[in-house]
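Take the sequences, apply the hints, and build the full model.
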Amino acid sequence: MNYNQLYQQNKKTWSEQPNQLLKLARQDFVPGSYFLDLGCGQGKDALFVVKNGFKVTAVDLSEVAIKQLQATIIEQNLKNIEAIQSDVKNFVIEKDVYDIIQGNHLLQFLPKPVAIELIKDVQQKVKLNGFIILASFTIDDPSFKLPQPKKISTYFEPQEMLRLFDGFKIIHYIERVILDQGHGGVLSPHQHGVVEIIAQKR
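Position 24 of the sequence shown, counting from 1, maps to 84 under the numbering used here, and the rest follow consecutively.
These are calculated hints, taken from the structure and not from any lab test.
Even glycine gets a Cβ: it sits at the ideal position worked out from N, Cα and C.
Among the hints, erroneous ones may be present.
Said to hold, decoys possible - Under the rule of at most 30 Å between Cα atoms (straight-line distance), these lysine-lysine pairs were calculated in the DSBU-like manner:
1. Lys172 with Lys211
2. Lys205 with Lys187
3. Lys155 with Lys111
4. Lys115 with Lys139
To be verified - Derived DEER-like restraints, expressed as beta-carbon distance ranges:
5. Lys211 with Arg236: 35 to 43 Å
6. Ile234 with Ile176: 17 to 25 Å
7. Gln69 with Lys155: 35 to 43 Å
8. Gln80 with Gln184: 38 to 46 Å
9. Ser203 with Asn137: 39 to 47 Å
10. Arg262 with Pro209: 21 to 29 Å
11. Asn137 with Pro207: 46 to 54 Å
12. Gln69 with Lys139: 28 to 36 Å
Structure below.
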């Protein structure tokens, strides 16, 4: 999928509502904390978080999405938010800077070894007592059975994500099949097999 083209055609490609996991975990976050949004897209989560008093770094590969987010930041005169165009595989996460690191439906687009390495890197770099928020696809996703090549590279096995967070405090964990009402690129309702985790570094 050409995300630059998709974002150019629709400035609200995904839902305008922030990731539900953010709302679920927000009570545990301290305002003023540093938030890193990996694969931020057009920035709906980053904007939600900065407007709630957090300091935000938002990263995405799409030049179009980042330019749109930068324009919104200027338009709304927002402070404490930086939008960076970068491939997350090359983005260097500074150690002990971020209190919260999110990758909302990013990992499925990375090769499995790269996705696992990114999880390990995030686990190492997030502050002690900081939070990691991830959502990705599982083998219950209908696209898992499609022949190659396909746009999704990584699917998690049952409980695989949970095992990767051994030693962390699990705030939220679920594997389920959801009904997606549609979005830019796939307008009709469709299902996804997803895994969601909010984990705290101890």
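Outcome of the hint check:
no.	hint	verdict
1	Lys172 with Lys211	holds, 13 Å
2	Lys205 with Lys187	violated, 38 Å
3	Lys155 with Lys111	holds, 25 Å
4	Lys115 with Lys139	holds, 8 Å
5	Lys211 with Arg236: 35 to 43 Å	violated, 22 Å
6	Ile234 with Ile176: 17 to 25 Å	holds, 20 Å
7	Gln69 with Lys155: 35 to 43 Å	holds, 38 Å
8	Gln80 with Gln184: 38 to 46 Å	violated, 27 Å
9	Ser203 with Asn137: 39 to 47 Å	holds, 41 Å
10	Arg262 with Pro209: 21 to 29 Å	violated, 40 Å
11	Asn137 with Pro207: 46 to 54 Å	holds, 49 Å
12	Gln69 with Lys139: 28 to 36 Å	holds, 30 Å
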